[in-house]
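Protein chains: 2
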Amino acid sequence: MSVLVVGSVAFDSVETPFGKHRDLLGGSASYFSISASYFTKVRMVAVVGKDFPRKHIDLFKKYGIDTGGLQVVHGKTFRWEGRYEHDMNAAETIATHLNVFRTFSPDIPRRYRDTRNIFLANIDPDIQFDILKQVRSPRLVASDTMNFWIDNKKRELTRLLKSKKIDLFLLNDAEARQFSGEVNLLRAARYILSLGPKMVIIKKGEHGSLFFSRKTAFSVPGLPLETICDPTGAGDTFAGGVMGYLSRFKNIDDAKVKRAIIYGSIMASFNVGRFSLKGLLGLNKQLIDKRYKSFKELTRF
Amino acid sequence: MSVLVVGSVAFDSVETPFGKHRDLLGGSASYFSISASYFTKVRMVAVVGKDFPRKHIDLFKKYGIDTGGLQVVHGKTFRWEGRYEHDMNAAETIATHLNVFRTFSPDIPRRYRDTRNIFLANIDPDIQFDILKQVRSPRLVASDTMNFWIDNKKRELTRLLKSKKIDLFLLNDAEARQFSGEVNLLRAARYILSLGPKMVIIKKGEHGSLFFSRKTAFSVPGLPLETICDPTGAGDTFAGGVMGYLSRFKNIDDAKVKRAIIYGSIMASFNVGRFSLKGLLGLNKQLIDKRYKSFKELTRF
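Protein chains in written order, with my numbering: chain A, 1 to 301; chain B, 1 to 301.
In isolation and in its complexed conformation, chain A is listed as follows:
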């Protein structure tokens, strides 16, 4: 089964203690798609401007990503500029130029509408809601969000979660605290599950992630890495691994979601080692399986 992602494709300018790079390929849909492409067929819905170079579209195609839903419109591509200090857990946004993303109103291509697995990257919850009206009968819907939407569209985000259309909600620890009003992450997760989603994943950066369903609690650490070069896109890369892996199965249960979270963590661990999504390029089953074994060794007792 394939997976459909709706999100951003962007140019990022990023400064970390390991360097400063301008006009990198970025955006939630880019990270998600390349990551998920190691597991399944990916359909991408996003928008870029006329300034978006052909080579990036070629890169997506090289990874088997269906870019039929990537609109190229008049104007400039979304640009984000950010900086990370030494702890790498939070980006400081220096500038955001939404450009063509400002009026992004995704029209899901007709041939995508029967996609069974959907990932709604962190875009306006009203748009997320609207997308779910366009798809026919998804089997698994996951959505992400960010502090901006919790600040400005909490009611709309809550409506989305209460719609019972979101199976899996992903957000980071700070967002979980902000959204739920609970400092304690277990309470925050319970609150989120009480709204409607069947499952929630709280991403904790270098500390790994937590997964909660009605029946299961699961915690996976971050893989201790000597160099975390650029954490940009780690959350979307993680989601790509999770959704990519799950898209391979007809039936999903908590055990499969746990393994999917390991694959998500593996992909994120590759991603943060290099700038932009360079860490995700040129991987293969052997490299991914080797890191799966590292996770086993790291956590087994």
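For the record, the hints were derived by calculation from the structure and aren't laboratory data.
Treat the hints loosely; a few may be bogus.
Stated by the list, open to error - The list that follows gives simulated cross-link-like pairs (lysine-lysine, DSS-like), each with its CA atoms no further than 27 Å apart: (1) Lys-293/A to Lys-256/B; (2) Lys-256/B to Lys-296/A; (3) Lys-290/B to Lys-258/A; (4) Lys-296/A to Lys-296/B; (5) Lys-258/A to Lys-256/B.
What the hints assert, rightly or not - Computed beta-carbon distance windows for the label pairs: (6) Lys-62/A to Asp-151/B: 51 to 61 Å; (7) Thr-93/A to Glu-85/B: 24 to 34 Å; (8) Val-183/A to Lys-153/B: 30 to 40 Å.
In this text the structure is predicted, and so the values were computed from the model without any measurement.
Here a beta-carbon is modelled for each residue, glycine too, at the ideal position from N, C-alpha and C.
Chain A is already provided as a structure; the job is to place chain B on it using the hints.
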């Protein structure tokens, strides 16, 4: 085999979002001893003043702790006053009154000197060094430290680690970063191992802990708990579980240390649920084993 702890016994006054309590039984040796007592015989070396109530000594005895090394001297018992904000990861120290602890120069009782397992709680590294001259042939020596000693006695602490007498060094993530000058915890651990210790455990509060030896990396998450009432003593309680468990075995290997870390995490999870060391009282094998199973379920994939 028994375990010898050298540390503090204190009165704590603690304020957390869950309440404010004065004159609680505290101190590193208290937490360590009660925790370790569930696994092995404990010998305690510490000092208190004449104001230290009989009931606390009776409590130690009730848990089978040998208090023959607990000196009662003229003066007042060590007092600490602190406060935790909502995130509970760092205490704000309001007041420290060392009192009789200021001149604490532990004289290890003759009958303790053949103890095979030693825990040097976070006291002056010069005193830690001196204690190791008094014990005959320990099998396993673990030591802890704190930011105060890294700030003020880094050279002495480094000498201790370079002495090759410390098998296992425990410290928290902030201390590991401060001591090593490395933001990255894997690099921090490598630096510490390069000095001499065979093993290092980096405690990360609610995020669990990391263990590194020459051959092994191990990461265990914190058990997601709905209520973290008072984190005071969690690190010493953790060490008590680790050292208590290991003291039961003739031979130690990385697999046993991993399991010991789970027991340490279990004891800490009980401890943080109530003020002072109340969460550690009245436990039994069934309750501990149940939580061991929870850790398995939480981490297995």
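Taking the hints in turn, this is what the structure says about them:
Distance restraint check for Lys-293/A and Lys-256/B: the Cα-Cα separation of roughly 20 Å lies within the 27 Å cut-off, and the hinted pair is therefore satisfied. Of the pairs offered as hints, the one joining Lys-256/B and Lys-296/A holds, with about 17 Å between alpha carbons and a cut-off of 27 Å not exceeded. With a C-alpha separation of about 21 Å, the suggested pair Lys-290/B and Lys-258/A falls inside the 27 Å cut-off, and the hint holds. For the hint pairing Lys-296/A with Lys-296/B, the CA-to-CA distance comes to about 13 Å; that is within 27 Å, so the pair holds.
In summary, the hint linking Lys-258/A to Lys-256/B is supported, as the alpha carbons are separated by about 26 Å, within the 27 Å threshold. Checked against the hint of 51 to 61 Å, the pair Lys-62/A and Asp-151/B passes, with Cβ atoms roughly 53 Å apart. Checked against the hint of 24 to 34 Å, the pair Thr-93/A and Glu-85/B passes, with Cβ atoms roughly 26 Å apart. The hinted range of 30 to 40 Å is satisfied by Val-183/A and Lys-153/B, whose Cβ atoms lie roughly 35 Å apart.
Violated hints are absent here; each numbered hint is respected by the structure.
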